[in-house]
Every structure is written in C-alpha cells, then in structure tokens.
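Work out the full structure: start from the sequences and follow the hints.
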Amino acid sequence: AQSVTQLGSHVSVSEGALVLLRCNYSSSVPPYLFWYVQYPNQGLQLLLKYTTGATLVKGINGFEAEFKKSETSFHLTKPSAHMSDAAEYFCAVSGPNTDKLIFGTGTRLQVFP
Amino acid sequence: NAGVTQTPKFRILKIGQSMTLQCTQDMNHNYMYWYRQDPGMGLKLIYYSVGAGITDKGEVPNGYNVSRSTTEDFPLRLELAAPSQTSVYFCASSETSGSGNEQFFGPGTRLTVL
Chain A
1 AQSVTQLGSH
11 VSVSEGALVL
21 LRCNYSSSVP
31 PYLFWYVQYP
41 NQGLQLLLKY
51 TTGATLVKGI
61 NGFEAEFKKS
71 ETSFHLTKPS
81 AHMSDAAEYF
91 CAVSGPNTDK
101 LIFGTGTRLQ
111 VFP
Chain B
1 NAGVTQTPKF
11 RILKIGQSMT
21 LQCTQDMNHN
31 YMYWYRQDPG
41 MGLKLIYYSV
51 GAGITDKGEV
61 PNGYNVSRST
71 TEDFPLRLEL
81 AAPSQTSVYF
91 CASSETSGSG
101 NEQFFGPGTR
111 LTVL
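Chains as they are written, first to last, in the numbering used here: chain A, 1 to 113; chain B, 1 to 114.
Derived from the structure by calculation, the hints contain no laboratory data.
Remember, predicted model here, so these are calculated numbers, not experimental data.
Each hint should be verified, as a subset may be incorrect.
[Unchecked claim] No farther apart than 30 Å at their CA atoms in a straight line, the calculated lysine-lysine pairs in the DSBU-like style are these:
no., chain 1, residue 1, chain 2, residue 2
1, A, 49, A, 100
2, B, 44, A, 69
3, A, 49, A, 69
4, A, 49, B, 57
5, B, 9, A, 100
6, A, 49, B, 44
7, B, 44, B, 9
8, B, 57, B, 44
9, B, 44, A, 68
10, B, 44, A, 100
[What the hints assert, rightly or not] If we take Cβ atoms under 10 Å as the criterion, some of the chain B residues that face chain A in the derived model are:
no., residue
11, 1
12, 4
13, 35
14, 42
15, 43
16, 45
17, 58
18, 64
19, 90
20, 91
21, 100
22, 102
23, 103
24, 104
25, 106
26, 110
[What the hints assert, rightly or not] Sample of chain A residues with no beta-carbon within 10 Å of chain B, all distances over it, derived:
no., residue
27, 17
28, 64
29, 72
30, 75
31, 111
32, 112
All C-beta atoms, glycine included, are put in the ideal place defined by N, C-alpha and C.
The following block contains the structure:
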C-alpha cells in the first residue's frame, strides 16, 4: 500500500524567504513522486516529478525537490518566495504498474509582503 | 488544445436529485480519472478508466456511476444526491499510467447538495 503525509496544513513565509514544504511517503514498491500546485479556483498542475535517476528534481517556477530514500521524503523547496507562489501544494505518490495516484492532504502556502 | 474541460462549473442540487458532471479531453489520452476534493482531505479517487469501455472503482465510488463510450468523454453520474456529496469534483487524464506520466486536470465542478 502507498500513502503520503504532508506535515503542516498551512505554511506562511515572507516574500524572499525560503519555502520548505514537507512530504513523507510510504511505499512497498519503488515510488514515483509528484508535487502539484493548485491556484485558487483552478485545477491542479504539475510542478515536478521524480521517477528514476537523479534524486534532485527541478520543476517550474524555481521549485525543486529531493528524493531521499533513507528518509522516505520528497520535500519541496524554493530559495526565495514570491507573492505569486501563494497556493495549495499537493504531494502525491504512485509507482510502476500502479494505476492510481495517492495524494496527501495538501499544504496551503501564504506569502506575506 | 483545450486540455481537460468540465461542465458545469457550479451546481446546487436538492437531496435526491440526479445530475451528470461532464468531462472531455482532447489530448487522445487513454486514462481518465474522477476525483473529489474536500477541505483538509486532499483528493480522493472516485472512478477511473483505462480506455473506452473500461472503468473501475477508486477509493470512494459509492453513490456515483461512470461510463466511457469514447476516448474523449468520461461523465460522472450522481443518481440520488446526498449532502455528503457536496464537494469539488475534478476530472483528469493521462497518456498512460504506471510509468510516472503526468495527470492533466480540469478546472473542477463545485457541487453543493442541500
């Protein structure tokens, strides 16, 4: 079985500060890991994903995430927050030969000026 | 490409009424999905389809039905609406599954059952 835990349902940062959104996963098979972003009143769009290969993954809008197998983590970071980053962020897991994407409960990011 | 489109955007239903949420994709994707999103709960998979004529249950299928007569369309049917079905519904599609392919999401349908 697979599952995802996102620590912190709300995160607030100042503009220009580091963004760190935490995601831990559980998977009995090699995981595929995703971060999606949802802007207000919109659907989800893919930020980045890890399937195989390089464990540091770069995505859109300056975000990146590192797959750490030993810690079962896939935390999302951005060096300098922008006001436009305010949104809800979802971590998700799937795997080889798995049809379903399992989502975490989401983290709402607020950015203050 | 319009991507994944959903209609309607908003709907209010009375208890016991029925309705169909429409979903269409123009990317020729084989896989399509229906999720519901409730506050603090993330997204839960209702039904999915791996191709025309093939559907299967997800995590929370009770109270819903789907069909997939064409590659493009994947409607979700609520037969007897209940307050517990108040939610935001998202349709998604992907080229294949099980290989880390991105799911593309529609803009959602916000449903309220009173």
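Measure nothing beyond the straight line between the CA atoms of residue 57/B and residue 44/B; if it is 30 Å or shorter, mark the hint as holding. The hint holds at about 11 Å.
Checking hints one by one. Is residue 64/B an interface residue toward chain A, by the C-beta closer than 10 Å rule? This interface hint is violated because 16 Å lies over the 10 Å limit.
Answer holds if the nearest beta-carbon of chain A is closer than 10 Å to that of residue 106/B; otherwise answer violated. Holds, because the Cβ-Cβ distance from residue 106/B to chain A comes to roughly 5 Å (cut-off 10 Å).
Regarding the hint that residue 100/B lies at the interface with chain A, is the smallest CB-CB distance below 10 Å? holds, 4 Å
Are residue 44/B and residue 100/A close enough, with their CA atoms no more than 30 Å apart? Distance ~10 Å between residue 44/B and residue 100/A Cα, so the pair holds.
Would the stated hint for residue 58/B survive a check requiring a Cβ distance to chain A of less than 10 Å? holds, 7 Å
For residue 111/A, is the shortest CB-to-CB distance to chain B above 10 Å, so the non-interface label stands? Its Cβ never comes within 10 Å of chain B, the nearest being 21 Å, so this holds.
Grab the minimum beta-carbon distance between residue 64/A and chain B and tell me whether it stays above 10 Å. holds, 17 Å
Please work out if residue 49/A and residue 57/B have their alpha carbons no farther apart than 30 Å. Measuring from Cα to Cα gives roughly 25 Å; hence the hint holds.
Against the 30 Å threshold, does the CA-CA distance of residue 44/B and residue 68/A hold or violate the hint? holds, 26 Å
Holds or violated: residue 9/B and residue 100/A, Cα atoms, limit 30 Å. Answer holds: residue 9/B to residue 100/A is near 25 Å, not above 30 Å.
Need the status of pair residue 49/A, residue 69/A: alpha-carbon distance at most 30 Å? holds, 15 Å
Hint check: violations occur at hints 11, 18; the rest are consistent with the structure.
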